[in-house]
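A.B. asks: Residues 30 to 216 in this note's numbering are what the sequence shown spells out, letter by letter.
Hints are computed from structural coordinates only; laboratory data are not their basis. Since the model is a prediction, treat every value here as computed from it, not as a measurement. Ideal Cβ placement from N, Cα and C applies to all residues, glycine included. One should not assume that every hint holds.
[What the hints assert, rightly or not] For lysine to aspartate or glutamate, the following EDC-like pairs were computed, each having C-alpha atoms within a straight-line distance of at most 20 Å:
1. K151 to D105
2. K151 to E170
3. K151 to E216
4. K151 to E181
5. K151 to E126
6. K151 to D182
7. K151 to E119
8. K151 to E185
[Said to hold, decoys possible] Computed spacing ranges between beta-carbons, pair by pair:
9. G203 to S103: 15 to 23 Å
10. G187 to E148: 21 to 29 Å
11. E148 to V191: 15 to 23 Å
12. S179 to S112: 17 to 25 Å
13. V215 to R32: 18 to 26 Å
14. Y144 to P100: 16 to 24 Å
15. E126 to G211: 18 to 26 Å
16. R32 to P100: 36 to 44 Å
17. T213 to Q159: 19 to 27 Å
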Amino acid sequence: MKRVNYILMVGFMAAMLVACGNVSSVAAEKSDITETTDLADLAETSGASTDETLIFDSKEQTSTDEYESAPDASVDLDLTALSSTFVYAEVYNIVMEPLAYVGQTVKMEGSCSVYVDEETGKQYYACLIQDATQCCAQGLEFVLDENEYSSEDYPEPGDEIVLKGTFDTYDENGNQYLTLTGATLVE
């Protein structure tokens, strides 16, 4: 079983490396930068100062590219407020450096995925987040708060969900896993 898991993990990682090599979004970003470099000319013709125009454009760019909505102040890490590129990168960071995030309250949005362990019959629920090109996915397992939810309250596979929970790790069968514990479904 460990050998099969290892082979699947290596295959998944190889697929992620190959699938995420899309350079078309980089070219699009470069063309956006080229278009905004003419702001000085635009400012001169409109009578506005270059500094005012650049400051305004910088603020507008941050609000539309980096954040999609205002961050939730009740959490340490609000992935729902980030653009799809930043979300995918941050989840990747969580997967690569999990100990840096242990104990933080995380809010995330994605699609529900369910894995059933064939040996034990135990169900594992995860929230999967797609990258900007929709070719790759990263996800975190979650366990709903037992005081608020029963097993019937878990979402169906494929449902779009928003979760808030405490990030933690646990060991099972000699492997380390990442999870959001005490998670709640946010409307």
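A.B. asks: Against each hint, give a clear statement of whether it holds in the structure.
C.D. replies: Comparing the hints with the structure gives:
{"no.": "1", "hint": "K151 to D105", "verdict": "violated, 30 Å"}
{"no.": "2", "hint": "K151 to E170", "verdict": "holds, 13 Å"}
{"no.": "3", "hint": "K151 to E216", "verdict": "violated, 27 Å"}
{"no.": "4", "hint": "K151 to E181", "verdict": "holds, 14 Å"}
{"no.": "5", "hint": "K151 to E126", "verdict": "violated, 26 Å"}
{"no.": "6", "hint": "K151 to D182", "verdict": "holds, 16 Å"}
{"no.": "7", "hint": "K151 to E119", "verdict": "violated, 28 Å"}
{"no.": "8", "hint": "K151 to E185", "verdict": "holds, 16 Å"}
{"no.": "9", "hint": "G203 to S103: 15 to 23 Å", "verdict": "violated, 36 Å"}
{"no.": "10", "hint": "G187 to E148: 21 to 29 Å", "verdict": "holds, 25 Å"}
{"no.": "11", "hint": "E148 to V191: 15 to 23 Å", "verdict": "violated, 32 Å"}
{"no.": "12", "hint": "S179 to S112: 17 to 25 Å", "verdict": "violated, 35 Å"}
{"no.": "13", "hint": "V215 to R32: 18 to 26 Å", "verdict": "violated, 39 Å"}
{"no.": "14", "hint": "Y144 to P100: 16 to 24 Å", "verdict": "violated, 30 Å"}
{"no.": "15", "hint": "E126 to G211: 18 to 26 Å", "verdict": "holds, 22 Å"}
{"no.": "16", "hint": "R32 to P100: 36 to 44 Å", "verdict": "holds, 43 Å"}
{"no.": "17", "hint": "T213 to Q159: 19 to 27 Å", "verdict": "holds, 23 Å"}
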